Amino acid sequence: MDVLIFARLVLFVTGRLLKAHTFSVGELDRGSDCDKPAEPVTVGEGTPRGRELGVVVETRTRGEAYADLRQSAESGWDRSRRFDAPHGELAAFRAERAGLPEVSSEEAGRYVERHRAGRPWLETAGRASPEALRIIVAADLGGGHGHIRHEGWVTERASMRRVAYLEDPAQLDAAQRQRGIDGLRPGGRYHVCGGLASRITDPDAYATALAHGAEDPDVSTALSTPYKRDRHPDLVRIPIADLLGKDGHKVCTGWQLEPVEGSIDVARDNRRAWRVAIAEGRQPDVPQPAARPVPTFEGGTIVFVISQNKQRNGYEIATLFPQPPARDIPSR
Amino acid sequence: MDDFYWKRHPDGPFAVLIRIATTYLHPEVDDLESLQRLAQLDDDSEMRAFKSELRQAITHPDEVPRDELSSHVEYDDGSPEKFLLRLWRDLYGDEPIGVSG
Chain G
1424 MDVLIFARLV
1434 LFVTGRLLKA
1444 HTFSVGELDR
1454 GSDCDKPAEP
1464 VTVGEGTPRG
1474 RELGVVVETR
1484 TRGEAYADLR
1494 QSAESGWDRS
1504 RRFDAPHGEL
1514 AAFRAERAGL
1524 PEVSSEEAGR
1534 YVERHRAGRP
1544 WLETAGRASP
1554 EALRIIVAAD
1564 LGGGHGHIRH
1574 EGWVTERASM
1584 RRVAYLEDPA
1594 QLDAAQRQRG
1604 IDGLRPGGRY
1614 HVCGGLASRI
1624 TDPDAYATAL
1634 AHGAEDPDVS
1644 TALSTPYKRD
1654 RHPDLVRIPI
1664 ADLLGKDGHK
1674 VCTGWQLEPV
1684 EGSIDVARDN
1694 RRAWRVAIAE
1704 GRQPDVPQPA
1714 ARPVPTFEGG
1724 TIVFVISQNK
1734 QRNGYEIATL
1744 FPQPPARDIP
1754 SR
Chain B
722 MDDFYWKRHP
732 DGPFAVLIRI
742 ATTYLHPEVD
752 DLESLQRLAQ
762 LDDDSEMRAF
772 KSELRQAITH
782 PDEVPRDELS
792 SHVEYDDGSP
802 EKFLLRLWRD
812 LYGDEPIGVS
822 G
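These protein sequence lines are chains G and B, in that order.
First residue of the first sequence: 1424, per the numbering used here; consecutive thereafter.
First residue of the second sequence: 722, per the numbering used here; consecutive thereafter.
With the rest of the complex left out, here is chain G (with noise of 0.2 angstroms):
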């Protein structure tokens, strides 16, 4: 009888909350359906749960909140999915065949806990099986960025406003990100990004593409090529299908830059004069970038890019990301 009295105040409590925090589309979209460059950013997830009374906190920022609905309501992206992995080929997958150091799962562990805190994309760590998570690790002792850019760590706003406002995630100091600058680049470059900013939401599902993809003919093909200074191998493209099963289009999401004047073309040139003046201080000149959510990325496929170890004595997967089917990239 306690337990029933216990559960039914719990429920209680949780329907008040929820209707606290939950927030309407229309409510969010009042005004503009831009996120304000301005609102301080906080790149991560969490919905820790209270430890009192067992129900979920929301620790999201609105413009956090506001995107992760967009993206759901858009796209049907389901935020709870998780991927179900290949636990005992992740296990057995040896980095090296994707050009990137071994790690074992205990220096895996070892390595989360010394660097997380000034590299915190590793707070992945927390979801990721430890299969999955000694290939991320992998990917983080490595010189690319998929894991950085393009996995669960990234949020749907920050995606968002990637791809819009050239913001790179990877970028940890709020001004300068709010600059443009990039995060991984030496010499404050802009940053850069195409007509897409997209993700592999799940650490597991990202894991898998990798390990997966590294058993490609092309990209092993790619890998094996003998290194040449300056020389990249060609990209390489393989079905979603393929490398995630066939709903691993549901672990992919992105946010596709609004063509300006039915042009791709112009979106991008106006985006980048947008963002050069917002960073030198002046008034742009051109309309304010906008983005929305990639619809589907199903029949989508996975670009894998092959670049020079960080030893600069041969390749290795340095980033890869989803794309949608041709059909639904806006055309220049």
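Since the hints were derived computationally from the structure, they do not count as laboratory data.
Nothing here was measured: the structure is a model prediction, and the numbers come from that model.
Keep in mind that the hints are not guaranteed to be accurate.
Stated by the list, open to error - Heads up, simulated EDC-like pairs for lysine to aspartate or glutamate below, C-alpha to C-alpha not over 16 angstroms straight-line:
#, chain 1, residue 1, chain 2, residue 2
1, G, K1669, G, D1507
2, G, K1651, B, E767
3, B, K803, G, D1692
4, B, K728, G, D1641
5, G, K1651, B, E754
6, G, K1651, B, D752
7, B, K803, B, D783
8, G, K1733, G, E1525
Here the structure of chain G is known, so what remains is to put chain B in place on it, guided by the hints.
Only chain B this time, still in chain G's reference frame:
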């Protein structure tokens, strides 16, 4: 599957130009510096073909598969013509575009 242009049309017009431009200049790669160094290799057959196609694309823009170039390279110059001209300057400086000797 929507594969890359050079995979779908290995002998298609400007396949070398689009492939190399994508490989080095796609925003997820963004390595103009390596391409600039490669562009100086006069004895490299692939880079000679690339330069020839770039020259042809600039002087005959109506022959360029513009949508393919835009969707592959994702330049932010505003148009294929502006991108190709800027690329020539980035790689070959003040060298005249005209027909090579």
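Now for the hints, and whether the structure bears them out:
| no. | hint | verdict |
| --- | --- | --- |
| 1 | G/K1669 / G/D1507 | holds, 12 angstroms |
| 2 | G/K1651 / B/E767 | holds, 14 angstroms |
| 3 | B/K803 / G/D1692 | holds, 11 angstroms |
| 4 | B/K728 / G/D1641 | holds, 12 angstroms |
| 5 | G/K1651 / B/E754 | holds, 15 angstroms |
| 6 | G/K1651 / B/D752 | holds, 15 angstroms |
| 7 | B/K803 / B/D783 | holds, 14 angstroms |
| 8 | G/K1733 / G/E1525 | holds, 14 angstroms |
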